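Peer 1: Below, each chain spelled out in residue letters.
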Amino acid sequence: DVKVTQSSRYLVKRTGEKVFLECVQDMDHENMFWYRQDPGLGLRLIYFSYDVKMKEKGDIPEGYSVSREKKERFSLILESASTNQTSMYLCASSFRGGQFYEQYFGPGTRLTVT
Amino acid sequence: DAKTTQPPSMDCAEGRAANLPCNHSTISGNEYVYWYRQIHSQGPQYIIHGLKNNETNEMASLIITEDRKSSTLILPHATLRDTAVYYCIVRPRMGSARQLTFGSGTQLTVLP
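Sequence order for the protein chains is L and X.
All residue numbers for the first sequence refer to the numbering used here, where the first residue is 1 and numbers rise by one.
All residue numbers for the second sequence refer to the numbering used here, where the first residue is 115 and numbers rise by one.
If we strip away everything but chain X, and leave its shape as in the complex, we get:
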């Protein structure tokens, strides 16, 4: 499985865009980039995934570099409720590894 590297923590002002980077330089051609977050004492929440094109949904945008070695999750207008640990993981489309495994993630703190 491709390994991911994320900064341990970031701050963001409320109402501003939060840009969370992830490096996955060993990603292989059939692997997708997935983003999850976990608010304290709650279950993980799926946010978005992508293969090589940029993706957007109601929660966030995902920008993947052309060489696919890194990506950025963008929360366009961060709110206090977006304070959470954000996890970037790389997996093939189907469940060959059978389970989700999260690394250390990035603790995003949205400041008022």
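Extracted from the complex, chain L is given alone in its bound form:
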């Protein structure tokens, strides 16, 4: 069964802290994505990676960085958390050669920055 896991379901951090969100997939997918989802704004792509050590900025990369050292793991880093980064963070993965939009999502991490 297809599986994408995220390190935490709920996280509370203070303003200015460095935050790491981890995502692991067991499907041998090349593509991995980080989105955030906010009410009224839908899904917005932060970064995606199409291979190990490769990354591309999405629509809202400011304040975030990513790391992909292994194929199955994609980390999202908030360098200095701010209250406007309070959101639901979703990781997804897909095959490169197949259907790009056949993306499999993790359960999400609800991050609150106080």
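In short, the hints are calculated from the structure, not lab data.
Mixed in with the good hints, there may be bad ones.
[As the list claims (entries may be wrong)] Derived DSS-like pairs (lysine-lysine); straight-line CA-CA distance at most 30 Å:
{"hint": "1", "chain 1": "L", "residue 1": "13", "chain 2": "L", "residue 2": "3"}
{"hint": "2", "chain 1": "X", "residue 1": "166", "chain 2": "L", "residue 2": "3"}
{"hint": "3", "chain 1": "X", "residue 1": "117", "chain 2": "L", "residue 2": "57"}
[Unchecked claim] If you want a taste of the chain L side facing chain X, the calculated C-beta under 7 Å gives, among others:
{"hint": "4", "residue": "40"}
{"hint": "5", "residue": "43"}
{"hint": "6", "residue": "90"}
Quick caveat, the model's predicted, so the values are computed rather than measured.
Glycine included, each C-beta is placed from N, C-alpha and C at the ideal position.
Position chain X relative to chain L; hints supplied.
Peer 2: Okay, now just chain X, sitting in the frame of chain L:
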């Protein structure tokens, strides 16, 4: 990108088939129809996709009209766990637009 139109909400009795419609009258020849759903407070879940032929998998069936201007997602025996927002999106096969974007979707409520 082709725009999609879905009813905002639908109810379905448990055990009956749920038929969720989607209009995509401006779909172009290389665009696929994808369906996702999102159960409250969970990540979106991919359901099925198709180009022009009807498709079936373990979760659902997808019926696409011959002119491809509309489609219907069918959950053959809806359960309470199928209560979710269902999103129909239209995209080309490869990631030219780079990201998924969901519209408002249809809130399906399965009633006991």
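Peer 1: Run every hint past the structure and note whether it holds.
Peer 2: Verification of the hints:
{"no.": "1", "hint": "L:13 with L:3", "verdict": "27 Å, holds"}
{"no.": "2", "hint": "X:166 with L:3", "verdict": "28 Å, holds"}
{"no.": "3", "hint": "X:117 with L:57", "verdict": "25 Å, holds"}
{"no.": "4", "hint": "40", "verdict": "10 Å, violated"}
{"no.": "5", "hint": "43", "verdict": "6 Å, holds"}
{"no.": "6", "hint": "90", "verdict": "5 Å, holds"}
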